[in-house]
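Engineer: Here the protein sequences line up with chains A and B, keeping their order. Here the first sequence stands for residues 1 to 212, numbered as in the UniProt record's numbering. Here the second sequence stands for residues 1 to 212, numbered as in the UniProt record's numbering.
The hints are simulated quantities; they were obtained by calculation from the structure and are not laboratory data. Keep in mind the model is a prediction, meaning the values are calculated, not measured. Yeah, the Cβ is synthetic: ideal placement off N, Cα and C, and Gly gets one too. Some clues are possibly wrong.
[Said to hold, decoys possible] One side only, chain B facing chain A, incomplete, derived with CB under 10 Å: (1) A11; (2) N49; (3) A69; (4) V94; (5) R95; (6) L114; (7) Y116; (8) D125; (9) T159.
[Unchecked claim] Below are the DSS-like pairs computed for lysine-lysine, each with C-alpha atoms no more than 30 Å apart in a straight line: (10) K91/A to K128/B; (11) K46/A to K128/B; (12) K46/B to K91/B; (13) K35/B to K91/A; (14) K128/B to K22/A; (15) K91/B to K128/A; (16) K91/B to K46/A; (17) K2/A to K91/B; (18) K35/A to K2/A.
There are 2 protein chains.
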Amino acid sequence: MKLYGYWRSSAAYRVRIALNLKQLSFENLPVHLIKNGGEQHSISYKALNPAELVPTFTDGDISLNQSLAIIEYLEEMYPEPALLPQDPAAKAKVRALALDIACDIHPLNNLRVLQYLSGTLALTDEAKTAWIQHWLHTGFNALEQRLRRSAGQYCFADTLTLADICLVPQVYNAQRFALDMTAYPIISAIHHHCQQLAAFALAAPEQQPDAQ
Amino acid sequence: MKLYGYWRSSAAYRVRIALNLKQLSFENLPVHLIKNGGEQHSISYKALNPAELVPTFTDGDISLNQSLAIIEYLEEMYPEPALLPQDPAAKAKVRALALDIACDIHPLNNLRVLQYLSGTLALTDEAKTAWIQHWLHTGFNALEQRLRRSAGQYCFADTLTLADICLVPQVYNAQRFALDMTAYPIISAIHHHCQQLAAFALAAPEQQPDAQ
Numbered sequence: 001m002k003l004y005g006y007w008r009s010s011a012a013y014r015v016r017i018a019l020n021l022k023q024l025s026f027e028n029l030p031v032h033l034i035k036n037g038g039e040q041h042s043i044s045y046k047a048l049n050p051a052e053l054v055p056t057f058t059d060g061d062i063s064l065n066q067s068l069a070i071i072e073y074l075e076e077m078y079p080e081p082a083l084l085p086q087d088p089a090a091k092a093k094v095r096a097l098a099l100d101i102a103c104d105i106h107p108l109n110n111l112r113v114l115q116y117l118s119g120t121l122a123l124t125d126e127a128k129t130a131w132i133q134h135w136l137h138t139g140f141n142a143l144e145q146r147l148r149r150s151a152g153q154y155c156f157a158d159t160l161t162l163a164d165i166c167l168v169p170q171v172y173n174a175q176r177f178a179l180d181m182t183a184y185p186i187i188s189a190i191h192h193h194c195q196q197l198a199a200f201a202l203a204a205p206e207q208q209p210d211a212q
Numbered sequence: 001m002k003l004y005g006y007w008r009s010s011a012a013y014r015v016r017i018a019l020n021l022k023q024l025s026f027e028n029l030p031v032h033l034i035k036n037g038g039e040q041h042s043i044s045y046k047a048l049n050p051a052e053l054v055p056t057f058t059d060g061d062i063s064l065n066q067s068l069a070i071i072e073y074l075e076e077m078y079p080e081p082a083l084l085p086q087d088p089a090a091k092a093k094v095r096a097l098a099l100d101i102a103c104d105i106h107p108l109n110n111l112r113v114l115q116y117l118s119g120t121l122a123l124t125d126e127a128k129t130a131w132i133q134h135w136l137h138t139g140f141n142a143l144e145q146r147l148r149r150s151a152g153q154y155c156f157a158d159t160l161t162l163a164d165i166c167l168v169p170q171v172y173n174a175q176r177f178a179l180d181m182t183a184y185p186i187i188s189a190i191h192h193h194c195q196q197l198a199a200f201a202l203a204a205p206e207q208q209p210d211a212q
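Please build the complete structure, drawing on both the sequences and the hints.
Structural biologist: Now the structure itself:
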């Protein structure tokens, strides 16, 4: 198995956590999103992933993009430990929490969006930071309220799931942008619990070979 | 079953298509996203969905948000007709195509983002239209390339799947913003095929009771 990613990409970070939790070994292939105008725009990478985004995951002849599709594939092929509950309603709740992050928070603060804000729209650093913090606060505020109903030690009671795999990289991003987390005690506690696990610690951006 | 949605919300539109394909009857409860400052921000709706977004779906005591989580729930509870292939790799491909739309295209042109662009950032209509079209072209360009490998009559060969359910509302949005679709013949052909099906036609925004 090969994972084309970038140390700071939170979508690649999610897949690294899932691979580690399932104790699967994989080849980590860095795609530098900044250097040389962004290696994700190279002809060779575009042939692999026409969206020019990371991650891309390959398993023999199978090539997949989209972190959540990759993790669901891993879940079906390597069911232990389970990252989703068996009960359909519980499973849907966990998927919804993961999508709250993957659809409603992360896409708005992705590198290509920030490049459009500072490039095409010529926003000041202050306006760009306000944009980043606005969408993080909007998303975390809703998520914290949902977690009041569902969380235990992790997002969904005391079981580690796909939702936690999405949450930790998003909190990493928030910390990078110096977001005040005091309004999010549940998110912060879950993040802290996850950080104690080797699968999460080893997947951290700073632990990757391409970290700077 | 109840679906809280809005006629023009493409996330609600996806769920309507899935419900129709599975021939499930549901109560359609409109939440007007513009009127009265946006009914999704009302106290009663926030209690149901703290993200203040549509759709929200309820099935008895079960309340779910996130269109893809709702559709996966329907898929498990009402497996016929299947909206995902059985084979894990094929299933992952379909999910990835759906997420290409739900994570990489739709969130950037959502109502709340356009409100931020014209409100907080005070963009001109021209700059706002350029933003909308940029992300639609970026996303459709990548998708068209992927579909060259996977599509038949539908996104994944000749089987109707979750990917088509996401594609049709996104094309509706693109048409609304007068996007030139000539560079996307495969997307356009799939859209045309789907429009012939009653499940899609009945789910169309203009067919909803709250359509204006």
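Engineer: The structure should be examined with respect to each hint, and the outcome stated for every one.
Structural biologist: Verification of the supplied hints:
no.: 1; hint: A11; in the structure: holds (9 Å)
no.: 2; hint: N49; in the structure: holds (8 Å)
no.: 3; hint: A69; in the structure: holds (4 Å)
no.: 4; hint: V94; in the structure: holds (8 Å)
no.: 5; hint: R95; in the structure: holds (4 Å)
no.: 6; hint: L114; in the structure: violated (12 Å)
no.: 7; hint: Y116; in the structure: holds (7 Å)
no.: 8; hint: D125; in the structure: violated (14 Å)
no.: 9; hint: T159; in the structure: violated (17 Å)
no.: 10; hint: K91/A to K128/B; in the structure: violated (38 Å)
no.: 11; hint: K46/A to K128/B; in the structure: holds (28 Å)
no.: 12; hint: K46/B to K91/B; in the structure: violated (34 Å)
no.: 13; hint: K35/B to K91/A; in the structure: violated (34 Å)
no.: 14; hint: K128/B to K22/A; in the structure: violated (44 Å)
no.: 15; hint: K91/B to K128/A; in the structure: violated (38 Å)
no.: 16; hint: K91/B to K46/A; in the structure: holds (23 Å)
no.: 17; hint: K2/A to K91/B; in the structure: holds (19 Å)
no.: 18; hint: K35/A to K2/A; in the structure: holds (21 Å)
Figure legend: structure checked against the earlier numbered hints; hints not met, in rising order: 6, 8, 9, 10, 12, 13, 14 and 15.
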